[in-house]
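Colleague: Assemble the complex: chain A is given as a structure, and chain B must be docked to it using the hints.
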Amino acid sequence: MSQYKVVHCNINGKDVEKVVDVRASLTDMLRNEYHLTSVKKGCEVGECGACNVLIDGEAFNSCIYLAVWAEGKHIRTLEGLMGPNGELSDIQQAFIDETAIQCGFCTPGFIMTAVEILEADTLYTDDELRKLLSGHLCRCTGYENILRAVKKTMYRRQGKEIDF
Amino acid sequence: MNIVGKREARIDGYDKAAGRTKYYEDQMPADALYVRIKHAEKAHAIVKSIDTSAAQAIPGVVRVLTCFDVPDISFPTAGHPWSMDPAHCDVADRKLLNTHVRYWGDDVAVVIADNEVAAAQGVRALTVEYEELPFVLDVQKAMEDGAPQLHEEFPNNILKHTGMRLGDYEAAVKEKGLIKVEGWYETPTVQHCHIENHGCFAYEENGRITVVTSTQIPHIIRRVVGQALGRPWSDIRIVKPYIGGGFGNKQDALYEPLCAWCSTQVGGRCVRIDCSREETFVSNRVRHAIRFHITTWLRQDGVIAARKVECFSNQGAYASHGHSIVAKAMGSFHQHYPCPNMESDCYTVYTNRPVAGAMRGYGMPQASFADESNIDDCARAVGMEPMEFRRLNIMPQGYKDDFSGNVNYNDTYRECMAKGAQIIDYERKLKEFANDSGNIRRGIGLATFWYNTAVYPIALETTSNRMQLNLDGTVTMQCGETEIGQGADTVYAQMTAQALGLKSYRDVRVISCQDTDITPTGLGAYASRQTYVAGFSIKQTAQLLKDKILQYACEATGVATTEIDIEDGNIVRKDDRQPIMSLSELAMTAQYNPVHSEHLTAESTFTIRSNAYSFGCTFAEVEVDIEMCKTKVVRIVNVHDCGSLINPALAEAQVHGGMSMAIGYGLSEQLIFDEKTGRPLNNNLLDYKLSTFMDHPKLEAYFIENPEPTSPFGTKALGEPPACSGAPAIRNAILNATGVAINRNPINPHVLFAEFSKAGLINDPWKEEK
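Line order of the protein sequences matches chains A and B. One point on numbering: in the working numbering, the residue at position 66 of the first sequence is 66, and numbering is uninterrupted. One point on numbering: in the working numbering, the residue at position 242 of the second sequence is 1242, and numbering is uninterrupted.
Same shape as in the complex, but just chain A (with noise of 0.2 Å):
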């Protein structure tokens, strides 16, 4: 087996297509590759949730999903929420509403799984928001203020607003 190959994928809703090597991590793949620089490496081993991106609809830890096997996937990752002119999407704002967002290293990996937990159109309780969220370690937060952002943003796109 040669040690590069090509990977064609979507991201971001666009068809690309580049040469990695076949050693390489989807992390590096979107960050060396496409200058994806939303997806951050906190461990590399698939502890921290900090490289999250969605494939086909679901969250994974990029660093723990080789390049190669993003063939025919359809990739998302936070870059590609916003809107053309730079409008944020309604999580995002949220994060910045919520007091979310601190150093805002683990951010971009919670916002991907709020948006997978957002896109299931589901009412959660709050401890089935907790257990889904639990994939991410975050050191500034204490989480308290990432729960509130996920959880109103998920009332609002049922039509509810909730206090706290």
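Any given hint could be a false lead.
Stated by the list, open to error - Label pairs and their computed distance ranges (CB to CB):
1) N1435(B) x H74(A): 57 to 63 Å
2) I64(A) x W1233(B): 40 to 46 Å
3) N1435(B) x E116(A): 53 to 59 Å
4) Q1578(B) x E116(A): 36 to 42 Å
5) P1134(B) x I64(A): 50 to 56 Å
6) K1141(B) x I64(A): 38 to 44 Å
The set of hints was computed from the structure by calculation and includes no laboratory data. Beta carbons are placed, not taken as given, at the ideal position from N, Cα and C, and that holds for glycine.
Modeller: Relative to chain A, chain B alone:
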């Protein structure tokens, strides 16, 4: 108009939510060479030789450098201000790479390669020949005669010992009828676990070295790199971009000196050092494990008559911040619970463990765990309710510490406790939980703390600031006190806008990135100092800029400077507050005036010669499953007096993060070592047991706002305080629930199993079989 005191969104929020904020690795030059470090796999040894031939033969490897190649210069790493007093300088006890290996993970060689894989293969291909030495991991064993010696100049491994005597302890304890409450309290080695690991890259440009690094303290790093390389400090330029958290680990020179030196060894080409998570745990810094021995003598009425405190601080292999941490811990006791007769001693001791440095709380989470555990035991010993016992003995209103000059101006402790008790419904729950006798037992507990703001008078406190009026009427502001995630830039913007009379904090352009070539000298982010110290230079520099603006406005409008002011971004008449010119018009007029053009800027330094007490408490409610030896935190409430809040939303967020860290400290986090080899056993995020989303209840943050009189904005420390009192509050809640006093943290199921067995709450079948 008040801009300070409002819940404003972070000025860096948009970029961070959009994922476009650039951290050091996002700015990496494409041609950077990879430096991988060979870490010793011995706890204590002398490197006899390193065979580099196999590594050098690997395609892609550019250079291999070992501990035999580095300059013969020892340097300090602590992120302390430089001291003009040589006796007060930090201990210089390590080289860029070390032949004398002092802990498992010490740095002995590097491989520089043009790709990551070759660099990693190169490190694996190195053959290191060691002469093994006996090692010691325990702090008190390291002090014994005949223990393995780490540094020749420090007999019995004692880096420093200091003590304090108040009154006459020996005489005081002879008083008849005193009750003695004695305990040993043990705190663990923990790590900061910022989600961005430390890393940096370095290159030479015009004969100077630039290092772009994930640090909290760029100006101090410049000095340390200069020292380590034996180069004039101005040969070094440090650039600090946004960083993914620090919590004190990055208040130390980590790999910047090594990275800078590596660049000089490959002709000034760009080289990068990126710590893995495993390296971050072991080869950066950790929080000191401190062992305390406390003896408290009580009168029958609960008043503390005398107290003796001994603290043994496990420094690990190198001095880093050294003795300052345990000295701060020891110094907390007599202020927290003043008593006339005290004897305190503290020792900082080298051991063959990872290097301990600054970590959020700087000795106070350790001291608080020991002090507040002992205080609850004291309350029990005299049959008093723990909050009542604290009210009786805690630092009273009007208390003054002669060393720092700090004064407890308000009756803050009692205010904080009253508020916390009311919110969590303390008195009622105390009664209700007392009846629990089944397998699940509920308990409620509290703990208090105090914290200093900044480092005066122990070290220099200085802050500089530069402001510039832009042509659109906005103001650019720059200082050396760094944004590390806590939200410093946003509160600087609020304070600047307020001090100058701008319309909004959004009219302040904070230059977040520090570059030591251009940023006014500041000391960085540590000691919960930024908001307090920057407040002085912001107010002073804003006044200088305002004077210049009004001067020019007077020239432009003919209205006397005494009659005009700045309000909502306009020059206004003082009399009727009518705008006579906008700041934008003024700036344009000043800049493009063909006769008298002026670029309106101001810059100044302020030397802070004050400190401020920050106070607070935690109330915790727990459910303990006796058979499963598990503790569930049901509710946790922190109340803080950090003076006037500049931005309540950011303040709450700070408290949440600190509470989270305190829960981990109390229940799950610790770095453990193999007793046989000294090897760290759980240096990864999974086995270390960092708290996850599932391990917390709702975090409740409250404030008492007593404005701090020494601060121009009424503010004082908040960054570190929330990490101080959570663990002992949980410990005391477990004591309340079960009657078992646990004198070590983290209080995980292993610890509870042993303690509950001892207390007869559960049967240990294995023990019976024996």
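Colleague: Confirm or reject each hint.
Modeller: So, going through the hints one by one against the coordinates:
Between N1435(B) and H74(A) the CB atoms are about 58 Å apart, so this pair conforms to the stated range of 57 to 63 Å. For the pair I64(A) and W1233(B), the supplied restraint of 40 to 46 Å holds, since their beta-carbon distance comes to about 43 Å. For the pair N1435(B) and E116(A), the beta carbons lie near 45 Å from each other, so the given range of 53 to 59 Å is not met. The supplied range of 36 to 42 Å is broken by Q1578(B) and E116(A), whose beta-carbon atoms lie about 56 Å from each other.
At about 40 Å, the beta-carbon gap between P1134(B) and I64(A) misses the expected band of 50 to 56 Å. Checked against the hint of 38 to 44 Å, the C-beta distance between K1141(B) and I64(A) comes to roughly 41 Å, which is consistent with it.
Checked against the numbered hints given earlier, the structure breaks hints 3, 4 and 5 and satisfies all the rest.
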